Structure formats: structure tokens, C-alpha cells
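Kindly generate the complete structure, drawing on both the sequences and the hints.
To convert, take the position in the sequence shown, counting from 1, and add 60; that gives this note's numbering.
It is worth saying that the hints were derived from the structure and are not from the lab.
Treat the hints with caution; some may be incorrect.
[To be verified] Mimicking DSS-like on lysine-lysine, the simulated pairs with C-alpha atoms at most 30 angstroms apart in a straight line are:
| no. | residue 1 | residue 2 |
| --- | --- | --- |
| 1 | LYS297 | LYS342 |
| 2 | LYS342 | LYS319 |
| 3 | LYS209 | LYS247 |
| 4 | LYS342 | LYS329 |
The structure presented is a predicted model; accordingly, all values stated were derived computationally and were not measured.
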Amino acid sequence: MQRKKLLPAKIFTASVWYPIGSFVCALLTMAFVIVFHDTLDSNPDQGECKVPSIYRNGRNCLAQMLDPGNIEGFSVLWLGFLYVFERDRRKKDSQYAAWRIIDQAASAKVPTSRARLMALEDLNRDQVSLKGIDLVKADLEDINLQGAKLLKADMRQTVLKSANLQRADFTEARLDEADMSLASLNKAVLEVACCEKAKLVGAELVGARLSEANLDQSDMSGANLTGAFLSRANLSKVDFSGADLTNASFNEANLEGAKFFDAELKGAKFRHVRHLTPEQVKEARNWELASYDDGLSHELGLL
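Printed below as a string of C-alpha cells:
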């Protein structure tokens with residue numbers, strides 16, 4: 061993903077001249093207050109307050125409000141505005157720095173980088189989109205990317221073991237051969253994602269959306285897919301051994317060669333699925349409590 065580079069000279073200019081300019085403006089403001097107050101003091105007859113009497117406190121109310129004794133209050137107010145502007149500038153500078161770390165790690169093809177991991181977490185904490193990011197073969201074990209926007213990200217062979225990826229959006233992402241074992245992907249979105257030969261052993265995918273995802277030959281053994289949506293997904297040769305598939309939806313999915321040994325099928329939905337045989341189903345637990353098309357139900361002896 062291409063991003064506009066911020067030149068060092070521009071960074072220096074922004075970081076040096078911005079606070080100097082702000083300080084000068086503050087001095088000019090205070091000078092104006094003092095001069096204006098002195099002018100009103102020297103012309104008392106012209107300092108009549110024009111506001112209603114209920115708000116009036118003497119004829120020189122404006123002069124009283126701009127009394128040099130109140131300059132401290134104006135200074136505090138100005139510093140408050142300055143702090144807000146400076147905070148935004150600092151946030152932008154830190155985001156530029158984070159992107160540089162990520163880009164450099166990708167260019168150098170460094171698999172393990174603690175700095176990159178922290179940079180990604182910082183950007184996500186600031187709710188910066190990571191759409192289209194290149195993280196091929198990166199080691200991001202234990203990373204916290206909860207709620208991250210990773211649409212169309214390239215994360216082939218990326219290590220995401222034990223990562224917090226709850227509610228992350230991986231729509232159309234490339235996750236081929238990625239290792240997400242023991243990762244938390246509850247309510248994550250992996251729709252139309254390519255996850256061929258991915259490892260999701262023991263992963264938490266409660267309520268995850270994997271509709272139309274390609275999970276060909278993936279290992280999901282021991283995973284928790286309670287209430288997950290896998291409609292129209294390619295689940296050819298996927299290993300669901302020991303997985304919890306309670307109330308999961310497999311409608312219209314391709315289940316050719318999928319393994320269900322000791323998997324929990326209570327409440328699972330297998331409507332209009334392709335290439336699912338009675339032998340596959342009967343390897344699972346509570347398969348009688350799942351729902352099937354009439355044809356498969358008859359083959360299973362449920363009708």
C-alpha cells in the first residue's frame with residue numbers, strides 16, 4: 061500500500077516552527093490585551109459598557125474583562141488550545157514513524173520485529189486503517205489487533221499464534237498458510253478471505269463470519285466455531301476434528317473430504333451443502349441434532 065512519505069526537512073519544520081509561531085501569537089495576543097486596556101483607561105468617557113444593565117459591572121466592563129490581572133486566565137486558555145493542536149501534531153508524527161517502521165521491516169523482509177509489532181498495535185489503537193498492508197511471513201505472535209481493519213491485507217505465512225483478533229475485519233485478505241493457532245477471532249470477519257492451508261488449531265471463532273472464504277486444507281481441529289457462519293465457503297479437506305460446531309451454519313458450503321471426527325454438531329446447519337457423505341457426518345458427536353436436507357437426512361436414517 062503506497063503512502064506519502066514525509067521528508068525529514070518537513071518533519072523538522074513542523075516540529076520546530078509550529079511551537080515557535082504559537083508562542084509568538086500568544087505574546088502578541090497578551091500585548092494587544094494590555095494596549096487595549098490602557099487605551100480604555102485613558103479614555104474613560106468612551107468606555108461605556110453597552111451590554112444590558114443586568115450584566116454591567118461598571119462603565120468600563122470591557123476594560124475590566126481585559127484587565128492585565130486576567131492575563132493569566134487568557135494564557136491558560138491559550139495554552140489549552142495549544143495543547144490540543146500539539147497533541148494532534150504529535151499523534152500524526154507518531155503515526156508517520158509507525159508506518160516507517162512497518163515499511164522498513166517489510167522491505168528488509170525481517171520476520172521478527174518487536175518494533176513492528178508495537179507500531180501495528182499503536183496504529184490500531186488510533187483506529188488507523190491497515191487495509192492492504194503487507195505482512196507476509198511476519199511474526200506477530202501474541203499481537204493485539206482487536207477490531208483492526210485488515211481488509212485485503214497480505215498476510216500469507218504470517219504467524220498470529222495466540223493473537224487477539226476479536227472483531228477484526230479480514231474481508232478479502234490473503235491468509236494462506238498463516239498460523240492462527242490459539243488466536244481469538246470471536247466475531248471476526250473473514251468473508252471472501254483466502255485461507256488455504258491455514259492453521260487455526262484451538263482458535264476461538266465464536267460468531268465469526270467466514271462466508272465464501274477459501275479454507276481448503278486448513279486445520280481447524282479443536283477450534284471453537286460456535287455460531288460461526290461458513291455459508292458458501294470452500295471447506296474441502298478441512299480438519300474439524302474435535303471442533304465445537306454448535307449452531308454453526310454450513311449452508312451451501314463445499315465439504316468434500318472434510319473431517320468431523322469427534323466434532324460437536326448440535327444445532328449445526330447443513331442445508332444445500334456439497335459433497336458431504338453420511339460417513340463424514342457420523343464421525344461427529346450429536347450429529348443427529350444437526351439439520352440436513354431431506355436427501356441427506358434420509359441417508360442418515362433420520363426420516
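These are the hints, each one checked on the structure:
no., hint, in the structure
1, LYS297 / LYS342, "holds, 16 angstroms"
2, LYS342 / LYS319, "holds, 10 angstroms"
3, LYS209 / LYS247, "holds, 13 angstroms"
4, LYS342 / LYS329, "holds, 15 angstroms"
Checked against the numbered hints above, the structure violates none of them.
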